[in-house]
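Q: Going down the list, the protein sequences come from chains A and B.
Counting from 17, one number per residue, gives the positions in the first sequence under our numbering.
Counting from 17, one number per residue, gives the positions in the second sequence under our numbering.
Please note that the accuracy of each hint is not assured.
Given that identical chains are not distinguished, each listed pair holds provided it fits within a single copy or across any two copies.
[As the list claims (entries may be wrong)] DSS-like mimics (lysine-lysine), calculated; alpha carbons at most 30 Å apart, straight line:
1) K117 <-> K83
2) K85 <-> K75
3) K85 <-> K117
4) K147 <-> K117
5) K85 <-> K147
6) K117 <-> K75
7) K83 <-> K147
Read the hints as simulated data drawn from the structure, not as lab findings.
In this text, all values refer to a predicted model and were calculated from it rather than measured experimentally.
There are 2 protein chains.
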Amino acid sequence: MSKPTADATDRPDVISRTGPRRSESARLAVLHAADDLLVERGFAGLTIEGIAQRAGVAKQTIYRWWKSKVDILLDTLADDARDALQWRIPEGDTAAEEDLKAHLRRVADFFQDPAGQVLQALVGHAQLDEKTAAALRSGFLREQRERDIAGLRALLTRSLHVTVGDQTAGRLVDLSFGPLYYRALVFGEPIDEEVVDATARAVLMLARESAA
Amino acid sequence: MSKPTADATDRPDVISRTGPRRSESARLAVLHAADDLLVERGFAGLTIEGIAQRAGVAKQTIYRWWKSKVDILLDTLADDARDALQWRIPEGDTAAEEDLKAHLRRVADFFQDPAGQVLQALVGHAQLDEKTAAALRSGFLREQRERDIAGLRALLTRSLHVTVGDQTAGRLVDLSFGPLYYRALVFGEPIDEEVVDATARAVLMLARESAA
Chain A
17 MSKPTADATD RPDVISRTGP RRSESARLAV LHAADDLLVE RGFAGLTIEG
67 IAQRAGVAKQ TIYRWWKSKV DILLDTLADD ARDALQWRIP EGDTAAEEDL
117 KAHLRRVADF FQDPAGQVLQ ALVGHAQLDE KTAAALRSGF LREQRERDIA
167 GLRALLTRSL HVTVGDQTAG RLVDLSFGPL YYRALVFGEP IDEEVVDATA
217 RAVLMLARES AA
Chain B
17 MSKPTADATD RPDVISRTGP RRSESARLAV LHAADDLLVE RGFAGLTIEG
67 IAQRAGVAKQ TIYRWWKSKV DILLDTLADD ARDALQWRIP EGDTAAEEDL
117 KAHLRRVADF FQDPAGQVLQ ALVGHAQLDE KTAAALRSGF LREQRERDIA
167 GLRALLTRSL HVTVGDQTAG RLVDLSFGPL YYRALVFGEP IDEEVVDATA
217 RAVLMLARES AA
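Excised from the complex, chain A in its bound form (with noise of 0.2 Å):
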């Protein structure tokens, strides 16, 4: 059970985006210097001008392939972000409470990066901007969301025997991340490891009494 069979059909979410190829370093370095010039000089510093400067791409270039800043710093959250938020379950018959502190801490040095430092901005934008919010939802969080869900019950599943319904599961994933983002954009603090620490503890007392 732990090695799934390798699956012979396409799978529909790997299909790979059709339309030009030949420009993705100049994608991959508007990507980066959208993420660096954001961290140096803040949401407001960011232009399409400066980006395209710092890439080294024409600015014509940078519109050919989106809109706005905000739809390149969406870009660069689906490739970062994605897989910084990844929940590494280890194999095997470890304890729940070291793995899903192992993830928190994960989570909270995220928010030091500069993808972390992108979704913030973004977060930010979006309280005052409701196509922002629009596009940081459908393009990312949703997702994320799934993914979150997904991690949290294997964690609950294979390490503390324990399965939680889709509400709980939601209820739980709010409650681990929610003192972490509370934390990062409220306070705008580096997060303590007692924050982390206490909010595992808090998921796993909650999913233990959920299931009984």
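Fit chain B to the supplied structure of chain A, relying on the hints for placement.
A: Structure of chain B alone, referenced to chain A:
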């Protein structure tokens, strides 16, 4: 020990502000106008010009009192949010879980109010602008956190007969409000009853465990 002796010395934190007092009605008109216009037009559409017009005061009157629209919004927070977010723990022997749920329900509802939308806009803008972040922390968040820690401690002591240290109280406050801010800021939706209930249960389980 439950009744501290009244302190006869002046408390430095309640010294009243000095300065002209004749314009209190103008001050309130400006704060209400800013609040209303933020809800109607959003943060980007909020201007000093628009606020002056709606409040029926001259622009220079506004600039005499405030440096920017962020400054005005911070003042509306101080007036409105402080009251809306106050802990109202009933006297007598009531249940900790019901009291905590009732408080968290009020905080969840607050995000749907104009004052809650002011807080969301300021937290959003704080992600994009360091000066707003610093002003929001020193002008509101720091004191609100002290009130929250005191309120939660009072609830735990009275209903649960549990005393927790400073560090633990801070963690319990993060766990209480984190999921609500996460739902409101990241997902931008009204907060379900289930989120409030699950959060309150988890907080009290962790409080009991921390005290044991």
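Q: Pop the pair K117 and K75 into one bin, within, between, both or neither, using alpha-carbon distances up to 30 Å.
A: neither (44 Å within a copy, 53 Å between copies)
Q: How would you label the pair K117, K83 (within, between, both, or neither) given a Cα cut-off of 30 Å?
A: neither (39 Å within a copy, 44 Å between copies)
Q: Regarding K85 and K75, is the shortest C-alpha distance of 30 Å or less found within a copy, between copies, in both, or in neither?
A: Answer is within: at 12 Å inside a copy they meet the 30 Å cutoff, but 33 Å across does not.
Q: At 30 Å max between alpha carbons, let me know whether K147 reaches K117 within a copy, between copies, both or neither.
A: neither (34 Å within a copy, 33 Å between copies)
Q: Since the copies are identical, ignore which copy is meant and state whether K83 and K147 lie within 30 Å (CA to CA) inside a copy, between copies, both or neither.
A: both (12 Å within a copy, 29 Å between copies)
Q: Give the relationship of K85 and K147 under a CA distance limit of 30 Å: within one copy only, between copies only, both, or neither.
A: both (13 Å within a copy, 22 Å between copies)
Q: Using 30 Å as the alpha-carbon threshold, which applies to K85 and K117: within, between, both, or neither?
A: Neither way: K85 and K117 sit 34 Å apart in one copy and 41 Å across, limit 30 Å.
Figure legend: structure checked against the earlier numbered hints; hints not met, in rising order: 1, 3, 4, 6.
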